[in-house]
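Could you put the whole structure together from the sequences, leaning on the hints where they help?
Residue numbers (the working numbering), protein chains in the order written: chain D, 2 to 323; chain U, 528 to 796.
Hint data in this document are derived by calculation from the structure and do not stem from the laboratory.
One should not assume that every hint holds.
Dumping the calculated DSS-like pairs for lysine-lysine here, alpha-carbon to alpha-carbon at most 27 Å [what the hints assert, rightly or not]: (1) K541/U to K135/D; (2) K629/U to K706/U; (3) K656/U to K629/U; (4) K564/U to K629/U; (5) K712/U to K135/D; (6) K712/U to K656/U; (7) K295/D to K247/D; (8) K629/U to K712/U; (9) K742/U to K135/D; (10) K629/U to K135/D; (11) K541/U to K656/U; (12) K656/U to K706/U; (13) K135/D to K656/U.
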Amino acid sequence: MTYAIQAEGLVKRYGETRALDGVDLLVPQGRLLGVLGPNGAGKTTAVRILATLLRPDAGTALVGGYDVTSQAHQVRSLIGLTGQYAAVDEMLTGVENLVMIGRLLGMTRADSRARAGELLERFDLSDAGGRAAKTYSGGMRRRLDLAASLVGRPQVLFLDEPTTGLDPRSRTDLWSVVRGLMADGVTVLLTTQYLEEADQLADDIVVFDHGRVIAFGTSDQLKATTGAQVLEVRPSQAEHLDLVGKVLADVLGEIPDLSGGRATASVHDPATVPAIVRRLDEQGVIASELALRKSSLDEVFLAITGHLPEDEETPDKEEAFA
Amino acid sequence: MTTLTTTIPQMAAKRVTPLATLQQTMTLAWRSLVQIKHNPWELLDLSIQPIMFLLLFTYVFGGAISGSTGDYLQFALPGLLVQNALFYTLSTAIGLNTDITKGVFDRLRSLPIARTAPLSGRIIADTAKQVWAFALLIGFGVVLGFRVTTSFFGLLGALALLVVVALAMSWMSVLIGLKASSPEKVQMIAFSTMMPLTFTSSALVPSATFPSWLKTWSDLNPVTHLADAIRGLLIGGDVTRAALFSLLWAAGFAVVFAPLAIRAFRSRV
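Written out as structure tokens, the structure is:
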């Protein structure tokens with residue numbers, strides 16, 4: 002199997018903080034790797050190293066077979082990068098932003114214009130192409146940013162939290178664009194804070210915490226460790242909480258969490274829920290709240306690390322202001 | 528449906544050729560200049576401020592300082608040209624800093640282009656804007672009664688000297704742009720260094736009435752030398768000494784700030 006991205010033992014320190022503490026990554030060609038983790042876990046630092054923007058303190062990384070430090074120029078000619086903050090020139094129009102990239106990549110003026118038109122149409126920005134990007138909405142900017150990273154037809158694409166801060170509709174729009182890219186055979190590394198996003202798009206997922214990879218697997222494998230869904234039951238009478246806990250423990254074979262006036266437990270098989278409802282009914286417990294929801298990043302974390310993700314001040318952006 | 532990407536292995540070039548470097552530099556210079564089309568305010572900013580200073584100084588202070596507004600205009604316009612050019616060197620810092628904080632700089636750095644192109648492209652564009660501001664101030668000055676009493680070559684010489692000094696100063700500007708935490712900070716730094724520097728020189732008033740300590744400083748102030756040189760080139764008088772000192776100052780600036788700026792730039796590239 003050929004790998005589009007191969008990283009081994011990546012380390013990056015900022016003073017005392019270890020933004021990356023020995024990270025290995027392997028992405029086969031044409032696959033999408035989701036990098037999941039809270040703020041400050043080191044996701045952006047990893048992307049910046051792989052995209053040649055940052056030198057690692059230790060470790061090696063190959064992108065498309067080229068070393069990111071000693072063959073940075075070759076790596077740059079293979080990659081596209083879309084960052085967390087839409088990096089478009091707000092003073093230029095959509096067309097001009099894309100033409101500029103095309104010209105920088107050595108395309109002729111005519112080819113750059115044609116490519117810009119093609120991408121704007123694909124991203125539903127044709128009508129806005131002649132307007133300055135500062136007039137665009139957040140979702141439009143993000144799409145223009147993604148379009149800009151595709152001008153050079155990259156083989157490897159880095160998407161650093163491409164949907165953070167977007168409304169749900171723009172988010173699903175962007176997901177379908179990413180799926181379209183996958184169909185074209187591009188290798189993608191996508192970072193996200195949302196389990197659902199990784200679940201929707203990624204072939205494989207790695208989970209980052211404190212600059213380390215703490216879990217690796219397909220979406221299904223990760224869910225198997227966490228329980229696919231979470232059941233929350235809040236009895237209308239607070240004194241029934243222990244009773245609810247006992248019922249859940251009986252049916253699910255797992256001690257539920259009883260904090261905040263409700264019992265919370267992970268459910269691997271949704272078919273067990275009717276049984277729980279029946280048992281509660283038999284015991285005369287009335288539930289004021291009974292909900293089955295998907296596990297969140299928090300629960301993945303809790304299951305893997307035993308602690309909730311700490312939303313730290315991110316060192317990822319530090320170097321931008323140093 | 529159009530194919531957005533391709534997985535056909537491309538032959539990756541090892542480095543950028545000088546011709547490609549030049550083309551990338553010009554593309555990025557174009558990018559800085561074409562912005563004016565969508566943001567005419569920038570051009571107004573570039574044009575109105577010097578004209579406002581010209582009008583205020585000529586008609587408010589002119590009579591009091593030189594006895595007549597016409598005499599003062601003849602004295603002050605060269606100084607205003609200097610003041611404006613020095614202020615404007617910091618727009619390189621603001622533009623660069625905006626690119627860094629908005630992420631545009633990272634996008635450019637992730638492209639297979641010459642590492643120097645984002646810097647040189649911006650500096651070329653800013654130099655073009657300097658030339659525009661120079662022509663505008665001279666043109667407006669002529670409308671108000673300013674006369675170049677030397678020659679066309681004096682005028683060209685004045686422009687050349689200003690551009691050379693501005694280019695040397697832009698190393699400092701690049702350093703500030705790379706190091707400052709926000710464009711607003713850059714603006715603050717610009718204002719609080721350039722304002723005292725230009726006002727404690729002979730750019731806008733003859734230094735003869737300064738108290739002796741200020742006169743001593745003013746005689747050392749690079750702005751004084753530059754203003755005297757530009758004045759000499761435009762309306763006559765001794766040029767050689769002032770121009771020589773201006774160029775020495777410029778060389779000093781470049782020697783101190785170029786290595787610092789390049790080091791700051793390298794640490795990012």
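### Task
Please name the hints from earlier in the document that this structure breaks, with their numbers sorted from lowest to highest.
Numbers 1, 9, 11, in rising order.
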